[in-house]
Amino acid sequence: MAFHRVMILIWADLLGAYVMWIMQKYLTDVWKLGFTHAAGIMNVASGLPKVLPLLFCYFVDAGLPNKWMLLLSSIVYVFGSLLLFLSTPPILAKVTGTCKDYEPQCINDTKKALFYAALALIAVGISGHIVSLVEVFNDQFEKKRENNNKSTDELPQNQNNVSSIDGQISSDDLEVLKHKRLHEYAKKTGRTYNSFRTLRQSLPFQPRRQDNKRKQPSNEDGAADRSNSTDEDDLSRLQFQPVEAMLAVVNRQLESKFGACVLVFVPVVILFALPYIKPWTYRFGIPAIITLVATIAFLTGFNEYKGREGDDQLNNGSPVRTVLRVILAAALNMFKRRPSISELYGNSNADNDGEKKLSHTNTLRCLDKAAIEEGPKSRRWLLCTVNQVEETKRVLSILPLWIPLILSGLVTSIGSTYFVEQASHMNYKVGKLKLPDSLLLLLYEIGKSFSKRIYGACFKRSGKNQKYAPGFGMALATISATLCCIVAAAVETRRIRVIRDHDLVDKPDDDIPMTVFSLLPQYFLLGGLDTYYDNSVTTFFSCHSPPSMKKFLVFLSPGLSGLGIIGSVLSVYVVGRVSQRHGKPNWFQYDLNASRLDRYYWTLAALSAVSFIWLVSWAVWYPYWEPLSDDEETDQDQTGGADNNDDEEDGGVMDTAKDFVMDVIKENRKGSD
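Residue 1 is where the sequence shown starts when you use full-length UniProt numbering, and the numbers rise one by one after that.
Hints are computed from structural coordinates only; laboratory data are not their basis.
Wrong hints could be hidden among the right ones.
Here are the computed distance ranges between Cβ atoms for each label pair [what the hints assert, rightly or not]:
1) D503 - P279: 25 to 33 Å
2) N362 - R497: 55 to 63 Å
3) P585 - E103: 26 to 34 Å
4) G576 - R338: 47 to 55 Å
5) I75 - A594: 40 to 48 Å
6) A297 - A606: 27 to 35 Å
7) K507 - K278: 49 to 57 Å
8) L435 - A609: 31 to 39 Å
9) K584 - K112: 31 to 39 Å
Derived pair list, reagent style DSS-like, types lysine-lysine, alpha-carbon separation capped at 25 Å [stated by the list, open to error]:
10) K278 - K112
11) K278 - K25
12) K550 - K67
13) K507 - K460
14) K111 - K32
15) K111 - K94
Owing to the predicted nature of the structure, the values given are computational and were not obtained by experimental measurement.
We put the beta carbon where it would ideally sit given N, CA and C, even for glycine.
Please model the entire structure based on the sequences and the hints provided.
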């Protein structure tokens, strides 16, 4: 049941993403705002859910359990969705003394206050979900996996009970009984299995193999822990991507594929149905109701959710405080002599517990002064170890990466604002069938999935040089951003030519004889931009950041992109002011038809090209840190373990068949007795 509750919460995130997607059109069609004014509001509302998780992650790090963070954020999410529903003109019209039409005169200050409060609360709710939703699911999955491991531990005893019968079965009898048991089990469960391989994949636990020459017994537990940790890291990367997170959660839950398919199918149907509902009251009301139901469903099983004990972050202190403490200590000791390596406090590769520590490096030597032991006793709390200083060095060495990430946010911001405005009056028809406007969101998600496959293939082919693969992914992201802006500028130039040829410049509400599929390339490239950055930067942080920092750095990349999205408001203002120098008209007019959005796209393309040059320069300069021993083992397990996977799986299939044959023999013996 915990799986289903988590899935319904992801529904709320998915529908919330759609509501934010269509909000640009609502502000221009109902509020009659200029498209740049509406885009500015939506960019702030879209950027906050990416920035706030950095703050909320600090609360969780300080001791707030993930399930409480998820509950509180869900409640705030519900209030925000309800306020958005109440802000529409027909609702509370009698109370506020306004009309019920979807016109700007029917929206008074009360309605505007409800609307802006709703956007703020929705941003807070989404941020809380981003921080804790996947973590709560991982906790429940870990609990279930532990129960399955207990069942697996009991399996060898059953095998020993029937070991004396093993020698009495010939190979032909084994083959016959194997297929007989396969069909009986399929008939009993009502499911179809083409082979014992597919049957084994459906089991809640895997049979333990008694004869396994390929695996060293001493490494089984460590390899399993690394595999589990890797799976959770891969799922945690999807916290900002509700569609891919939903599919990943379904992939992890293999016991009820039919129910999982239903849980995926329902939100897709809702997404395609909502655009056909014209009243904005229902477009905002239906997601609000689903969010309320999802929160109530989550609350019904609140006491069943279990968290993990002994969180390292709570035991070791906040890494954010560590970075700030190192910087402050180094600043206070800036006029002191730079110490030698032997004089640094805590200059040891292992602590009292034998844990591997970072070795001293010669980069950013100014921070070494934070580990000077001499000083007044009143400032002993500022004394830092070499390991803490080296962790801070790794964090500060990625500061130049902030510029490409922020610029990528500038490009990302045009996807849910100006791209949507371009498509608002285009032709959505294919023959006589009119497609919904959610088609654009679907195309964007398809572009992300396709780009993710490309990045995954490149990452696997990198082999032993996987530490350089994230840099290649970031280069692909900046190239995608540049191409996206170039293609968007070309499409917008063509759109302007079409509206001029048909005398539609002064008719912004009329339909344009141009198919919406003209925007397909730029949406695909935009999906590639977001996917390459989301996956490559997160992988880069995982490979080159200290373990205590990884949890926060996962949220740093989207946070910087969120700053870029919010900063797009400033970029539009600056570009507009520069464009109207010497008496020239501003590129951004009240409506899109009278504006020159194509020139703004060319400006973003130039900035993205500069970002690519900056990224290449940084990649050449960056000192690629060697991973700790645990990380090296994890990489070897990920790259080299795939070769033996098939052989081990084949052995597991035969063992599974053998177990079922033993069950048949025991049942027959019981019947004869």
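Hints, one by one, checked against the model:
1. A C-beta distance of roughly 32 Å is found between D503 and P279, which places it inside the suggested range of 25 to 33 Å.
2. For N362 paired with R497, a C-beta distance near 58 Å keeps the hint of 55 to 63 Å intact.
3. Remark: the range hint 26 to 34 Å for P585 to E103 is upheld by a beta-carbon distance near 29 Å.
4. A hinted range of 47 to 55 Å holds for the C-beta pair G576 and R338, which are about 49 Å apart.
5. The hinted window of 40 to 48 Å between I75 and A594 holds, with their beta carbons roughly 44 Å apart.
6. In this structure, A297 and A606 break the distance hint of 27 to 35 Å, their C-beta atoms being roughly 49 Å apart.
7. At roughly 21 Å, the beta carbons of K507 and K278 sit outside the given window of 49 to 57 Å.
8. A hinted range of 31 to 39 Å for the beta carbons of L435 and A609 is consistent with their spacing of about 34 Å.
9. Here the CB-CB span from K584 to K112 is close to 34 Å, well matched to the stated 31 to 39 Å.
10. Distance restraint check for K278 and K112: the Cα-Cα separation of roughly 21 Å lies within the 25 Å cut-off, and the hinted pair is therefore satisfied.
11. Of the pairs offered as hints, the one joining K278 and K25 holds, with about 12 Å between alpha carbons and a cut-off of 25 Å not exceeded.
12. This hinted pair checks out: K550 and K67 have alpha carbons roughly 21 Å apart, not beyond 25 Å.
13. Straight-line distance between C-alpha atoms of K507 and K460 comes to about 52 Å, which puts the hinted pair past the 25 Å bound.
14. As the CA atoms of K111 and K32 are separated by approximately 15 Å, the hinted pair is consistent with the 25 Å bound.
15. Only pairs whose Cα atoms come within 25 Å are accepted, and K111 paired with K94 is accepted, the gap being roughly 12 Å.
Hint compliance for this structure: hints 6, 7, 13 are not met, and every other hint is.
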